[in-house]
Amino acid sequence: GQSLEQPSEVTAVEGAIVQINCTYQTSGFYGLSWYQQHDGGAPTFLSYNGLDGLEETGRFSSFLSRSDSYGYLLLQELQMKDSASYFCAVSPRVGANNLFFGTGTRLTVIP
Amino acid sequence: ETGVTQTPRHLVMGMTNKKSLKCEQHLGHNAMYWYKQSAKKPLELMFVYSLEERVENNSVPSRFSPECPNSSHLFLHLHTLQPEDSALYLCASSQEASGGGELFFGEGSRLTVL
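Those sequence lines, one after another, are chains V and D.
To convert, count from 1 in the first sequence and add 7; that's our numbering.
To convert, count from 1 in the second sequence and add 4; that's our numbering.
With the rest of the complex left out, here is chain V:
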């Protein structure tokens, strides 16, 4: 089976840094993705980790540790528009994008 655990809610102050963790137990693993979804909107791709370590894309970074079955999304210099739900997702096998998603973390950025 597939299981991905994330905190359900996180609140942070504008300008601060926040980390959203994801632990997974899956029958196959090839990589970990992160998606952002605003209320009423489509999930949009943020980043992907196929190898251990940190991937940086502007204010967002994502980290993977295969040995710990763990990853996180780091958001820096938080802005009000970053208030959204964030999902981690596992690619179960090479070359496949039939992703399995976590339950999502609701991030609220406050002034």
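Certain hints may be false.
With a straight-line cut-off of 20 Å between C-alpha atoms, the simulated SDA-like cross-links for lysine to any residue are [stated by the list, open to error]:
no. : chain 1 : residue 1 : chain 2 : residue 2
1   : D       : 45        : V       : 15
2   : D       : 26        : V       : 47
3   : D       : 44        : V       : 10
4   : D       : 44        : V       : 12
5   : D       : 44        : V       : 43
6   : D       : 44        : V       : 48
7   : D       : 44        : V       : 91
8   : D       : 44        : V       : 90
9   : D       : 44        : V       : 28
10  : V       : 88        : D       : 6
Keep in mind that the hints were calculated from the coordinates and are not lab data.
Using the hints provided, position chain D relative to the given structure of chain V.
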């Protein structure tokens, strides 16, 4: 604009109705997906089509019937649904075998079953 368009955006239907959800992608991708999003639950993968052939069906009840007439269009036919089927149905596309974990989602069809 994600390049994936879903219609209708909202649908209310009775348990005895038959309706269809439509998805169209303008990205030149060769794989398309249906996901179900319910409150407090992970996105659930329902169906995967690659090169217009169904490659995955995650034990979805037969009251949901997918159709993929070509690589740009995907339908989800609905009949005799239950109230617990009320959810947001998301369509996505990707370039199969590219890996990289990147799906392109539409904004979804919000379904309410009375």
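So, going through the hints one by one against the coordinates:
1. Restraint check for residue 45 of chain D and residue 15 of chain V: satisfied, since their Cα atoms lie roughly 11 Å apart, inside the 20 Å limit.
2. At roughly 18 Å between alpha-carbon atoms, residue 26 of chain D and residue 47 of chain V fall within 20 Å of each other, so this suggested pair holds.
3. At most 20 Å may separate the alpha-carbon atoms for a hinted pair to count; residue 44 of chain D and residue 10 of chain V meet this at roughly 14 Å.
4. Under the criterion of a C-alpha separation no larger than 20 Å, the hint pairing residue 44 of chain D with residue 12 of chain V is consistent with the structure, at around 12 Å.
5. A C-alpha spacing of about 16 Å is found between residue 44 of chain D and residue 43 of chain V, which places the hinted pair at or below 20 Å, so the restraint holds.
6. Restraint check for residue 44 of chain D and residue 48 of chain V: the C-alpha separation of about 16 Å stays at or below 20 Å, so the hint holds.
7. Pair hint residue 44 of chain D plus residue 91 of chain V holds up; C-alpha atoms about 14 Å apart against a cutoff of 20 Å.
8. Using a Cα cut-off of 20 Å, the hinted pair residue 44 of chain D and residue 90 of chain V holds, with the two alpha carbons roughly 17 Å apart.
9. With a C-alpha separation of about 17 Å, the suggested pair residue 44 of chain D and residue 28 of chain V falls inside the 20 Å cut-off, and the hint holds.
10. Using a Cα cut-off of 20 Å, the hinted pair residue 88 of chain V and residue 6 of chain D holds, with the two alpha carbons roughly 18 Å apart.
The structure meets every hint from the earlier list without exception.
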